[in-house]
Amino acid sequence: MTAREQGSSAANVGIVIVSHSPLVAQGAADMVRQMVGDCVPLAWTGGNAEGGLGTYVRGISAAIEKAWSEAGVAIFVDLGGAETNSEMAVELLGPARAAKVAICNAPLVEGAVVAAAEASGGSALARVVATAEELSS
Amino acid sequence: MQLDAADLTALIALCRAEIDRHCEHLSVLDSAIGDGDHGANMRRGLDAVYAERDSIAALPLPAALEKIGLVLVMSIGGAAGPLYGTLLMELGRGLPDAPDAADFAATLGRAVEAVARRGRSGPGDKTLLDVLYPVQAEVAGHAAPARIAECAQSAARATEMMLARRGRASYLGERSVGHEDPGASSCALLTTTICLYLKEHAAP
Chain S
1 MTAREQGSSA ANVGIVIVSH SPLVAQGAAD MVRQMVGDCV PLAWTGGNAE
51 GGLGTYVRGI SAAIEKAWSE AGVAIFVDLG GAETNSEMAV ELLGPARAAK
101 VAICNAPLVE GAVVAAAEAS GGSALARVVA TAEELSS
Chain Y
1001 MQLDAADLTA LIALCRAEID RHCEHLSVLD SAIGDGDHGA NMRRGLDAVY
1051 AERDSIAALP LPAALEKIGL VLVMSIGGAA GPLYGTLLME LGRGLPDAPD
1101 AADFAATLGR AVEAVARRGR SGPGDKTLLD VLYPVQAEVA GHAAPARIAE
1151 CAQSAARATE MMLARRGRAS YLGERSVGHE DPGASSCALL TTTICLYLKE
1201 HAAP
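These protein sequences, in sequence, are chains S and Y. Residue numbering for the first sequence follows the working numbering, beginning at 1 and increasing consecutively. Residue numbering for the second sequence follows the working numbering, beginning at 1001 and increasing consecutively.
Bound-form chain Y, shown alone:
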């Protein structure tokens, strides 16, 4: 996890571009089972992080992640803001300044648990946690970035057949089955973007 300022700046730009590219698709997924604003909310969040990329990238990695989390909390809105914000803020608060792979895996595990508490959700509830749990398991097993990216994508697709138990989709009951969860989808997009960058540029 040796990420310098240039890596952070590049990752912020890549994540923003990826969300922008899929903004409409995320909102279509959200329209099927929610309120249809997930794409726009995520784009607003990533735009806000991008606007502050220089000051974020100048920070040590833990402080940078915490700052990104706070910006996301303040900008995404909806339920996704607190969930993504909690993930990044907990990662930032838990990591040492020069984390190794074991530090990152352990901290990611605690951060995912914090997201679960924030959303009062667990595995199989059809939320972004259904991507975060398997991703965290792969990270803990020191999987290669490409493998983690594949895992994230298949985990997001697997939410299609789940019955929503949290959020507005839960009001639909059985009708929530058959639609991929938009939060899981955005989480897989971001995970994949980060992993592919790490595969090309840095040893995780």
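Just chain S, with the same shape it has in the complex:
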């Protein structure tokens, strides 16, 4: 399924949610939006190109573009392929833009919500990522 833009504020770090399931991805995005409103760029992608369960690079690339912020983008993933495909999508951005993107080692739902709350206060990407990854430590 294609990524959906859910409003943006380009000054803050953007959040991208990548799940094998469009329902999980959209649901997680809804929870983020409830938490922070429109003040964080947010996009999700879930499912493969045919709408079945899975992940694919083109969908992730589109989500990164939609949540793009010069302050950076934090990506939250569920299972293995979501992470590997996200790494591929980040590499395809080229080195300059890839340096502004982080794939977080954090739970999808909790990580995205906590990161968005941190991002909504104007924190830098490294701080947003660190706050989310504290959940896994």
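To be clear, the hints were calculated from the coordinates, so they are not data collected in a lab. Model, not experiment: these values are computed from the prediction. Cβ atoms here follow ideal geometry from the backbone N, Cα and C, with glycine treated the same way. Hints are not guaranteed to be accurate.
[Unchecked claim] Covered, in the sense of this in silico footprint (three residues per stretch, anywhere, with C-beta under 8 Å from a C-beta of chain Y), are these stretches of chain S:
1. 44 to 58
2. 82 to 89
[Stated by the list, open to error] What follows is a set of in silico ranges between Cβ atoms, one per label pair, in the way DEER data are often shown:
3. S:G51 - Y:R1175: 28 to 34 Å
4. S:A98 - Y:A1098: 30 to 36 Å
5. Y:M1161 - S:R127: 44 to 50 Å
[To be verified] Below 20 Å or equal to it, Euclidean Cα-Cα: the simulated DMTMM-like pairs (lysine to aspartate or glutamate) are:
6. Y:K1067 - Y:D1004
7. Y:K1067 - S:E91
8. S:K100 - S:E83
9. Y:K1067 - S:E87
10. S:K100 - S:E65
11. Y:K1067 - Y:D1007
Fit chain Y to the supplied structure of chain S, relying on the hints for placement.
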């Protein structure tokens, strides 16, 4: 490794047909220890490469391999897309325009290492690397294509008794033992198809 446009076109068609023939089997293997979509994902990837076969075959070999890798990354999905894509893109980026056997062996070695980094995997993890490592060793030893094909097939079968340490199969722990890894299986199918073509048509 003297492959012209006709060879590349033929190889793309043969690989696509081989994956199509085994699509259901690959998905059955994947259902046992994963999410059951490996056959469909691989078929989608090979279909995408086949659709672009004319523009791919018109490129010099290194650029053609890199393009195939990019198409696979964009189309296969799952974990296999980035792994196969990385293998082909690294091969394409590393090969000179007219590679000899030594160039190919050295570049294949680096490409397999890139796949290992991408998957954060090593030997014995029950992945397609368990086919790629022995195949690469045979290529480095200048083995004949038929020998490389046999090696790929036995290496894929050997994953049956391995315990999965990467991917969704790893969640099954001991229950992953007793099933051939679908990525290793598709890798052996493709390796065999390519080797048998080379045996008939070209000196490697």
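Compare the structure with the hints numbered earlier in the document and write down the numbers of the violated ones, lowest to highest.
-> The structure breaks none of the hints.
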